[in-house]
Amino acid sequence: MPDQPAPFLRIDGVSKTFGTFQAVKDVSLTIAKGEIFALLGGSGCGKTTLLRMLAGFEEPTAGRIWLDGQDMTGVPPWERPVHMMFQSYALFPHMSVAKNIGYGLKHEKLTKDQRMARVREMLDLVQLTPFADRKPHQISGGQRQRVALARALARQPKLLLLDEPLAALDKKLREHTQFELMSIQERTGVTFIVVTHDQEEAMTLADRIAVMDKGQVKQVGAPGHVYEHPDSRFVANFLGSITQFPARVSSVATDRATVEVPAFGATVETGLIPGLAAGEALTLAIRPEKLTILREKPAGLNAIPGEIKDLAYFGKDSLYRVILPSGELISVHAVNAKREDNRPDWYDKIWLGFEPASAILLRD
Amino acid sequence: MGPQTRRHPLAEWFHRRGWSDLIIGLPYLWLLVLFLLPFVIVVAMSVATRTPTAPPFGYGGDNPVINLNGYARLLHDDLYIRAFLTSLLNAANAMILCLLIGYPMALGLTRVSKNWRNVLLMLVILPFWTSFLLRVYAWMGLMGKNSWFNGLLTSLWNWATPEGWAVTSIPMMHSNFAVVLVMVYTYLPFMILPLYSSLERLDPALDEAAMDLGTRPFGVFLDVTLPQSVPGIIAGGLLVFIPAAGELVIPTLVGDAAQPMIGRVISDEFASARDWPMASSVAVALLLIMVVPTMIYSHYQAKADTGERK
Numbered sequence: 001m002p003d004q005p006a007p008f009l010r011i012d013g014v015s016k017t018f019g020t021f022q023a024v025k026d027v028s029l030t031i032a033k034g035e036i037f038a039l040l041g042g043s044g045c046g047k048t049t050l051l052r053m054l055a056g057f058e059e060p061t062a063g064r065i066w067l068d069g070q071d072m073t074g075v076p077p078w079e080r081p082v083h084m085m086f087q088s089y090a091l092f093p094h095m096s097v098a099k100n101i102g103y104g105l106k107h108e109k110l111t112k113d114q115r116m117a118r119v120r121e122m123l124d125l126v127q128l129t130p131f132a133d134r135k136p137h138q139i140s141g142g143q144r145q146r147v148a149l150a151r152a153l154a155r156q157p158k159l160l161l162l163d164e165p166l167a168a169l170d171k172k173l174r175e176h177t178q179f180e181l182m183s184i185q186e187r188t189g190v191t192f193i194v195v196t197h198d199q200e201e202a203m204t205l206a207d208r209i210a211v212m213d214k215g216q217v218k219q220v221g222a223p224g225h226v227y228e229h230p231d232s233r234f235v236a237n238f239l240g241s242i243t244q245f246p247a248r249v250s251s252v253a254t255d256r257a258t259v260e261v262p263a264f265g266a267t268v269e270t271g272l273i274p275g276l277a278a279g280e281a282l283t284l285a286i287r288p289e290k291l292t293i294l295r296e297k298p299a300g301l302n303a304i305p306g307e308i309k310d311l312a313y314f315g316k317d318s319l320y321r322v323i324l325p326s327g328e329l330i331s332v333h334a335v336n337a338k339r340e341d342n343r344p345d346w347y348d349k350i351w352l353g354f355e356p357a358s359a360i361l362l363r364d
Numbered sequence: 001m002g003p004q005t006r007r008h009p010l011a012e013w014f015h016r017r018g019w020s021d022l023i024i025g026l027p028y029l030w031l032l033v034l035f036l037l038p039f040v041i042v043v044a045m046s047v048a049t050r051t052p053t054a055p056p057f058g059y060g061g062d063n064p065v066i067n068l069n070g071y072a073r074l075l076h077d078d079l080y081i082r083a084f085l086t087s088l089l090n091a092a093n094a095m096i097l098c099l100l101i102g103y104p105m106a107l108g109l110t111r112v113s114k115n116w117r118n119v120l121l122m123l124v125i126l127p128f129w130t131s132f133l134l135r136v137y138a139w140m141g142l143m144g145k146n147s148w149f150n151g152l153l154t155s156l157w158n159w160a161t162p163e164g165w166a167v168t169s170i171p172m173m174h175s176n177f178a179v180v181l182v183m184v185y186t187y188l189p190f191m192i193l194p195l196y197s198s199l200e201r202l203d204p205a206l207d208e209a210a211m212d213l214g215t216r217p218f219g220v221f222l223d224v225t226l227p228q229s230v231p232g233i234i235a236g237g238l239l240v241f242i243p244a245a246g247e248l249v250i251p252t253l254v255g256d257a258a259q260p261m262i263g264r265v266i267s268d269e270f271a272s273a274r275d276w277p278m279a280s281s282v283a284v285a286l287l288l289i290m291v292v293p294t295m296i297y298s299h300y301q302a303k304a305d306t307g308e309r310k
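Those sequence lines, one after another, are chains G and X.
The letter at position 355 of the first sequence is residue 355 when you use our numbering, and the numbering goes up by one with no holes.
The letter at position 68 of the second sequence is residue 68 when you use our numbering, and the numbering goes up by one with no holes.
In isolation and in its complexed conformation, chain G is listed as follows (with noise of 0.2 Å):
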């Protein structure tokens, strides 16, 4: 995990209720200037609630909102230091991309010099300067998500709020862009808080992830953090797949525990978290690219025995759905880094092998 600078945006308690609807839930989050910060969830979670109470157009029902010291409570959105980047990019269609970008920027005591050369900037910052006189409608949807981009960072906003921002481009679009915006925050060095659905843009774009349900956040920290240790099986679900099994602790050592798995038909050896004792119900998950296909029976490994029922061969990677003797399915996924041709096959019967760190252990 980063070191946690001082809280640069604090968000404090805050909740909002539409009607009888609460759509975000007692939420406090700090976040560090210059980080950029995910907020992920699925539809209806309340993370575009939250950010369009940092832009200003909603007021939290409860609770408060510190930028850099000031408390944003009851400050419209035309006068707040955060410019949002809309998820339909909301460029004015009848103002050429120059203008556009340049739009904000009547508002501050610039000469008319001032401000060209702010746009002339901007424009050079997203690469754009060629179409500085084409309209919205004459360009491209990448060539929009950048006017959009640009006319939200031209009056330097100490925060940048981005509502999905790849979500309107395509596969091939989404990936170059991404480094883009990466990129271009950290020349910039504005803070940006990210809103998404989509839990590789905000594991590949972001510092730090929120990951929010009904109105609440269930975990934060670096992406690798939240995949790796999710605390609950809403999070461990929701980043990446994972398989679960209802499981009962054995016997808890000094440095790993026991765990009677029912579908594996065994014990298994796991890591430990706080407060594990002996009897303890709970979930233990696994991902898919923790387990080893075997042939034998590993030793000194956990080992379930299996029979692969299904697998997709990608070339690169393989995804295979292993039957376990109880029935239930487990997905396992392997890289090829060998060349082989004896490869695992429908109906083999094989070993699946992990490490005990590998197994997540959760109790929500």
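Among the hints, erroneous ones may be present.
To be verified - Taking beta-carbon pairs under 10 Å as the criterion, some of the chain X residues facing chain G (in silico):
1. L199
2. D203
3. A205
4. D207
5. D212
6. T215
7. R216
8. G219
9. V220
10. P227
As the list claims (entries may be wrong) - Distance condition first, Cα-Cα at most 35 Å in a straight line; then the derived DSBU-like pairs of lysine-lysine:
11. K135/G with K114/X
12. K145/X with K99/G
13. K135/G with K303/X
14. K25/G with K114/X
15. K290/G with K338/G
16. K112/G with K303/X
Quick caveat, the hints were computed from the structure, so don't treat them as lab data.
Ideal Cβ placement from N, Cα and C applies to all residues, glycine included.
Position chain X against the provided structure of chain G, taking the given hints into account.
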């Protein structure tokens, strides 16, 4: 090859193109029969010569076959010029007032909840369910010297102005004021509906984007809403201006007889003076005044539209 596998060439054509051609052709046929043909007849009458026969016009005789007398009189007789000016002025005033009243109403319609919106839209078109003449007569009653409405306005006037300015009633009837008032009342829905449909299509995120970039709500209206509603303003303006300029019933019933509008002149030339060529000349001139700017507008609009589609 049985005979049932081969269709008659005409049937073949019909199944291939007939339906689409027929459907595309219908509006053209409509325009041809109900607009272009009558217009050609009116143009033909406008260059005829007035005769005491029935119908009261003919070609040739002492005059040239194409007699442009009517058009010459249009330019020289100031009765026609004044009537045109009165019509254009009244129509322009009605259009501007409809815009000023209709714009906030249309904008309001886009900002209320879906349920309310349907109820309010119904209310906008509700007046059409009563006879137009009845509504004009109702206004005549309201504006008349002895009405409670006139009485109310008179008391307000007498209360607000110095002693010497007192009046017994406000002379509203038989004036251009009355004409404009009733025209605004009558044509307001024609302004609201196209404005509403153009405002309703605007993306609310654009307003938020402008606000987010530092613009206050009224500035957002000027920068974002107003420029994008120009097509709606022009459409609504034309829908009010064109019928208002040619209006006959309203100026006849509530207008000033000494300052006739052009619809009244056309009607009088046809009916009382039985000068059909003159009436037709006036009608053609009115049509040109209306159609030429509309065509120029739609030409540029079509250009802008194709540009937008790219």
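Practice problem: With a cut-off of 10 Å on the beta carbons, see whether P227/X makes it to chain G. | Solution: 5 Å, holds
Quiz item: Does K303/X lie within 35 Å of K135/G when you go C-alpha to C-alpha?
Solution: Satisfied, since the Cα-Cα distance of roughly 15 Å is no more than 35 Å.
Self-check item: Holds or violated: K112/G to K303/X, with C-alpha atoms at most 35 Å apart
Solution: Holds - the C-alpha atoms of K303/X and K112/G are around 32 Å apart, at most 35 Å.
Quiz prompt | Interface hint outcome for R216/X [beta carbon to chain G under 10 Å] | solution = 6 Å, holds
Quiz item: Are D212/X and chain G close enough, Cβ to Cβ, to be under 10 Å, as the hint says?
Solution: Because about 5 Å separates D212/X from the closest Cβ in chain G, which is inside the 10 Å limit, the hint holds.
Quiz item: Hey, does the A205/X contact hint survive, CB to chain G under 10 Å?
Solution: At 4 Å from the nearest chain G Cβ, A205/X passes the 10 Å test, so the hint holds.
Self-check item: Evaluation of the interface hint that places G219/X against chain G, nearest CB under 10 Å
Solution: 8 Å, holds
Quiz prompt | K290/G paired with K338/G [C-alpha distance capped at 35 Å] | solution = 17 Å, holds
Quiz item: Holds or violated: D207/X as interface residue toward chain G, Cβ cutoff 10 Å?
Solution: 9 Å, holds
Self-check item: Interface hint status, L199/X versus chain G (Cβ within 10 Å)
Solution: With Cβ-Cβ at 14 Å, over 10 Å, it is violated.
Quiz item: Hey, K135/G versus K114/X, does the alpha-carbon distance stay inside 35 Å?
Solution: 32 Å, holds
Quiz item: Going straight from one Cα to the other, do K25/G and K114/X come out at no more than 35 Å?
Solution: 28 Å, holds
In this structure, the earlier hints numbered 1, 12 are contradicted, and the remaining ones agree with it.
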